[in-house]
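Residue numbers (my numbering), protein chains in the order written: chain A, -12 to 302; chain B, 12 to 333.
Don't read these hints as lab results, they were simulated from the structure. Among the clues, some could well be false.
What the hints assert, rightly or not - With a cut-off of at most 25 angstroms between alpha-carbon atoms, the simulated DMTMM-like pairs for lysine to aspartate or glutamate come out as follows:
id, chain 1, residue 1, chain 2, residue 2
1, B, K101, A, D254
2, B, K101, A, D261
3, B, K32, B, D312
4, A, K96, A, E(-4)
5, B, K308, B, E37
6, B, K39, B, D28
7, A, K1, A, E122
8, A, K50, A, E33
9, B, K101, A, E240
10, B, K139, B, E109
11, B, K308, A, E122
12, A, K178, A, E240
13, B, K116, B, D138
14, B, K308, A, D82
15, A, K178, A, E249
16, B, K116, B, E132
17, A, K96, A, E122
18, A, K70, B, E229
19, B, K32, B, D320
20, B, K101, A, E249
21, A, K1, A, E16
22, A, K70, B, D227
23, B, K39, B, D312
24, A, K96, A, D200
The model shown is predicted, which means the values in this text are computed figures rather than measured ones.
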Amino acid sequence: MTLLMGTGEVLSHKKYGEHYHALTIVAPEIGESVRPGQFVNIQCGEGTAHILRRPFSVYRVHKRGGWASTIEIVFDIRGPGTKHLSSLRAHASVDLVGPLGRGFAMPSKRAHCLLVGGGIGSAPLFFLADELRNEGHRVDVILGARTAGLLLNQIDARRLASVCRICTEDGSAGETGRVTDLLEETMERCKTEIVYTCGPHPMLAAVSRVAMDRDLPVQTAVEELMACGYGVCMTCVMPLRQKRHGGKEAEAEYVYARSCTEGPVFDGSQVIWDGTTPSSTEAVSVDQSELSPAGMPTRHDFPPEPADEHAPPGN
Amino acid sequence: MTIRRATKPPPEENSTDLSVKLGTLELKNPILVASGTYGAGQEGAEFVDLASLGGLIVKSMTLSSWRGKPPPRMCETPSGMLNAIGIQNKGVDHFVQEDYPWLRKRGVTVIASVAGNTVDEFVRVTDKLRTAAQQISALEVNISCPNLEDRDNMFAHSPEATAEVVEGVKASMPRRPVFAKLSPNVTSLTEIAEAALEAGADGLSLINTVFGMSIDVETRRPKLAGTVGGLSGPAIRPVAVRAIHEIHQAFPHVPIIGQGGVGSAADALELMLAGASAVAVGTMNFVNPRSPIQVAKGIADYMRRHGVDSVADLVGAVKLEG
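With the sequences and hints as input, model every part of the structure.
See the structure below:
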């Protein structure tokens, strides 16, 4: 795959609810080749005050129409980069690199797919849902957020999914609770065969654990802070269990894999979510969080779990 | 040395000779990529012809593979970034077996960056390069990484430790120019530079990152898992210019590879006028992997505009009086 670096034109800027901005960008070459779960890295403003590009997972791709192909990204305002992007209107140009990273693997045969998204982290799952449905797979969705305003485009989620469950922590929309509260019941009801998820780190950990308990493959799109996005800076690493030939995997043996090139989609059963290393996301401050592909705030107050539950089940 | 005014029409676009000599190291142009900002070239090759770079200083390599520090390893700061990576790399064997042949095939000018926790490790890495990567153009000795376990005893903070490493590396590979990469976080850079040169360093790389730290006031936790990290990017350029100036004044004949916040031709020229014979683009590669090529082109433009025939005429050409 060829990486492209160049200029795209903003076709439109709209808002989803009160929080989320969406930019549709004319970028034909990227739109043609990007896969769900991949991201683009955008320069946000001129000058050297904030030098780094901001990564955004692709929310939607539109391959038809007069401007095709276009890509759409969604974000909320976290720091100077997203603030700059929120000021862009039609015809503005953006400097972008993409498509970057390894996206979601599609099922090899027709499957029941459960997509679990938290807040703005749901963004790449919409593109994924489009593609899964195009290929004839069944798509079910659990969409969660802290509060109703942070749910991303629940109207489209309902349209795309066979079963769509919405939940908020404060009960302001859908059921009251977290996506993980609905997981097992939904998996049962929908006869889930593959789980795809994107959202805050503790949510990915919890979803992975439930999926692994049921021996279901789980693909997680992680959120790590990136400086370069194309594999050279080594900052966006995730601890992965080291694969060893023959022997049993040892808990202590892990490698740091780059989220930008080996991810951002990882096999949830390979990621070491906690325990061995300091949780990579608790310390991320909000203004830095726009340096990760879906800009997830990661200081969600998930309760700490007892240590014995940290061990991957079934091993 | 002064910059001469053009007395004849500027030569054609492609005729500007950007070649430069740093002692015995000959480069086709003075723009390199800094260690740790271009890997071993594979990723950057998506964007540029690596052979057109003045040279590629590869990510520092150690005797065995290093896992590096836990994330978060990075945070953005005003005009720069902090990192605490801890030289995650696959080790020198991986370099000589995989990266080096790949780079050779593409005609890339390779400068190998060597790192280690002990003098012996530096020497053993260099031994392996001598036997298996003979055609590397030069060595950069990374004695100034701020993210090693024993931060308080960084080699480049002590003249004795600096000398020991440089001497060991030079003895292991005497036929290749050795550049000691120094830390700006010292009281007397000149003293450290002198120690490196007396120990046999052929040149100096100035500067490595500047110690820094950033705290999230909401959580009261350091933004880096490693607490302290190295500051890089345009924020540190004046620190680099000062360091290069100081060392060039003290040792005018010693070739310097300048690095620190370079993203444009003007940035690179600033370091050259201070005394750098070549300049490495670092952090700005993260933003624009093509910037080294653009910087080289910009220098050619500058030379035509100012009637400068040779890159060497720019080195240390800052006008200090008048």
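Here is how each hint holds up against the structure:
Only pairs whose Cα atoms come within 25 angstroms are accepted, and B/K101 paired with A/D254 is accepted, the gap being roughly 22 angstroms. Of the pairs offered as hints, the one joining B/K101 and A/D261 holds, with about 24 angstroms between alpha carbons and a cut-off of 25 angstroms not exceeded. In summary, the hint linking B/K32 to B/D312 is supported, as the alpha carbons are separated by about 20 angstroms, within the 25 angstroms threshold. Distance check on the hinted pair: A/K96 and A/E(-4) sit about 37 angstroms apart at the alpha-carbon level, beyond 25 angstroms; violated.
Taking the CA atoms of B/K308 and B/E37, the gap is about 18 angstroms. The hint holds against a cut of 25 angstroms. Proposed proximity of B/K39 and B/D28 is supported: the alpha carbons are some 8 angstroms apart, at most 25 angstroms. For the suggested pair A/K1 and A/E122, the alpha carbons sit about 29 angstroms apart, so the restraint of at most 25 angstroms is broken. For the hint linking A/K50 to A/E33, the alpha-carbon distance of about 30 angstroms lies beyond 25 angstroms, and the restraint is violated.
Taking the CA atoms of B/K101 and A/E240, the gap is near 15 angstroms; set against the 25 angstroms cutoff, the hint holds. At most 25 angstroms may separate the alpha-carbon atoms for a hinted pair to count; B/K139 and B/E109 meet this at roughly 14 angstroms. For the given pair, B/K308 sits about 48 angstroms from A/E122 by alpha-carbon distance, which is inconsistent with the 25 angstroms threshold. Between A/K178 and A/E240, the direct Cα distance comes to roughly 34 angstroms. Violation of the 25 angstroms bound is thereby established for this hinted pair.
Using a Cα cut-off of 25 angstroms, the hinted pair B/K116 and B/D138 holds, with the two alpha carbons roughly 22 angstroms apart. For the hint linking B/K308 to A/D82, the alpha-carbon distance of about 21 angstroms falls within 25 angstroms, and the restraint holds. Only pairs whose Cα atoms come within 25 angstroms are accepted, and A/K178 paired with A/E249 is rejected, the gap being roughly 30 angstroms. Among the hinted pairs, B/K116 with B/E132 is inconsistent with the structure: their alpha-carbon atoms are about 28 angstroms apart, more than 25 angstroms.
Between the alpha carbons of A/K96 and A/E122 the distance comes to roughly 10 angstroms, so the proposed pair stays at or under 25 angstroms and holds. Taking the CA atoms of A/K70 and B/E229, the gap is about 20 angstroms. The hint holds against a cut of 25 angstroms. Distance check on the hinted pair: B/K32 and B/D320 sit about 14 angstroms apart at the alpha-carbon level, within 25 angstroms; holds. With a C-alpha separation of about 15 angstroms, the suggested pair B/K101 and A/E249 falls inside the 25 angstroms cut-off, and the hint holds.
With a C-alpha separation of about 23 angstroms, the suggested pairing of A/K1 with A/E16 holds against the 25 angstroms cut-off. With a C-alpha separation of about 20 angstroms, the suggested pair A/K70 and B/D227 falls inside the 25 angstroms cut-off, and the hint holds. Taken as a hint, the B/K39 and B/D312 pair is honoured in the structure, with Cα atoms around 16 angstroms apart against an allowance of 25 angstroms. At roughly 22 angstroms between alpha-carbon atoms, A/K96 and A/D200 fall within 25 angstroms of each other, so this suggested pair holds.
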